[in-house]
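A.B. asks: Residue strings, one per chain:
2 protein chains.
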Amino acid sequence: MNQQSTNAIRPLPDDLAERIDLAAQVFADNGLDATRIEHLAKATGIPRATLYYYFPGKEHILAHLLSRTLRQMTVKLSAAGAEPGTGRERLARLVREHLVFIGGHGPTYRLLFAELGRAASLVDIAAGVDLAIMSPIREALRDGQRDGSLHVDDIGAATSIVYGAVLITGMQHLLIGSDRQLEDRATALLGVILSGIGTTPKPRRGRS
Amino acid sequence: MNQQSTNAIRPLPDDLAERIDLAAQVFADNGLDATRIEHLAKATGIPRATLYYYFPGKEHILAHLLSRTLRQMTVKLSAAGAEPGTGRERLARLVREHLVFIGGHGPTYRLLFAELGRAASLVDIAAGVDLAIMSPIREALRDGQRDGSLHVDDIGAATSIVYGAVLITGMQHLLIGSDRQLEDRATALLGVILSGIGTTPKPRRGRS
DNA sequence: GCCCAGGTTGGACGACACGTCTAAGCTAGT
DNA sequence: ACTAGCTTAGACGTGTCGTCCAACCTGGGC
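Just so you know, the sequences run in chain order W and A.
Position 97 of the first sequence, counted from 1, bears residue number 195 in the numbering used here, the numbering being contiguous throughout.
Position 82 of the second sequence, counted from 1, bears residue number 180 in the numbering used here, the numbering being contiguous throughout.
Among the hints, erroneous ones may be present.
Simulated DEER-style distance windows between Cβ atoms [stated by the list, open to error]:
1. P109(W) <-> E187(A): 55 to 65 Å
2. R240(W) <-> D222(A): 13 to 23 Å
3. P154(W) <-> I274(A): 22 to 32 Å
4. E181(W) <-> R244(A): 11 to 21 Å
5. G201(A) <-> P154(W): 31 to 41 Å
6. I135(A) <-> G275(W): 18 to 28 Å
7. R278(W) <-> G201(A): 50 to 60 Å
8. E136(A) <-> I107(W): 25 to 35 Å
9. G155(A) <-> A115(W): 35 to 45 Å
10. R146(A) <-> E181(W): 24 to 34 Å
11. R146(A) <-> D282(W): 45 to 55 Å
12. H137(W) <-> R134(A): 19 to 29 Å
13. A218(W) <-> P111(A): 24 to 34 Å
14. T148(A) <-> E281(W): 46 to 56 Å
These are computed hints drawn from the structure, not numbers from a lab.
The beta-carbon is built from N, C-alpha and C at its ideal position, and this holds for glycine as well.
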């Protein structure tokens, strides 16, 4: 299925498909409202008339970038979730690959984040996020429960926790930066998610 | 400190301050770009010229709404976190009050979410979120570690996990809806966060 | 080499929206 | 009665989006 057809009027030539990616930084820096078509033309090297030859308008260019980002995440995280291993190992891989994706796709990821909060979006971000991000997590949790590597009473809550933790950590990384490597953060996050932060009425608690 | 002065040109009369809140739904439904001043005038009952008498422009009206929402959250969550109790009890209260806030402030909460992803915002949302949301969580975790009601090795990671879980759960509630009460979701979330989802090499794991 | 269809593009243009400004009427205090 | 500030409609200038036209380029077919 050629999903880009909903945002582009016609298939994009290869070099134009490459260059349009440069629009992501402009949108991320300015937001849809303050981004001018002239800005996009300058940043991408694609003349205005050519942009309108391929896209119905500014918002469709943004939608194209978001759809493409969701597809990339779907491919990446499905692959990470599908590699052999216990549910726990797959979950660890998902958390790490997701944070690495965020680290490597800062502008487009912030666009996705902003768009999730916007009702009038041309892209069904919520559906895309469910497919690309939450389904692999859910699968790993379910399989982990089955293979004994995880203990999950409430898969829905656990899915929200894992995704939420990655999202906030990723956004902090993008907005604030950090000396900690994303891989280290992934390990720390997963450690706390697995161990929990509760205490049980036991004389001594062993570290796992 | 009158924080609204950075977004309003002059203090707002009481009835105007009330009516401007109605703009939140318009912004949430349409986004900044597609929201027209005329839309805002219609929804709030405040004429265009009056809006410009009090605000420098459309974006400042949005900024006003966001700042006010952050202040409300700061008040609400600081209070929830400051009530007497163990760290664990305060954390439970914070999670519940936060979700309840989301339930009662859908439009403005989605605006905050969208704005966090937008670089060109007039409001330092990241700073506002840290003050309003993450600080109370951090405090509760720290105190829980001290009073023995919680066991937290990595407070930064745990803070991201708690806030992220609430955020995703709240957004799901807003976007998808649910039959589950927010209070129930809060309880479920906290349960999983406290227990963790890992397994430890023990013959039997007690439920807490 | 010629022809043709489609791609590429600059720039003119109409429509729309933001924000500014003016002026008129209202309100409350003196 | 006067005055200052509030409230507001509507005219206006400017900027931007998106449409359209026309000219040039490119590649394939004959």
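A.B. asks: Which hint numbers does the structure go against, in order from smallest to largest?
C.D. replies: 2, 4, 6, 7 and 10
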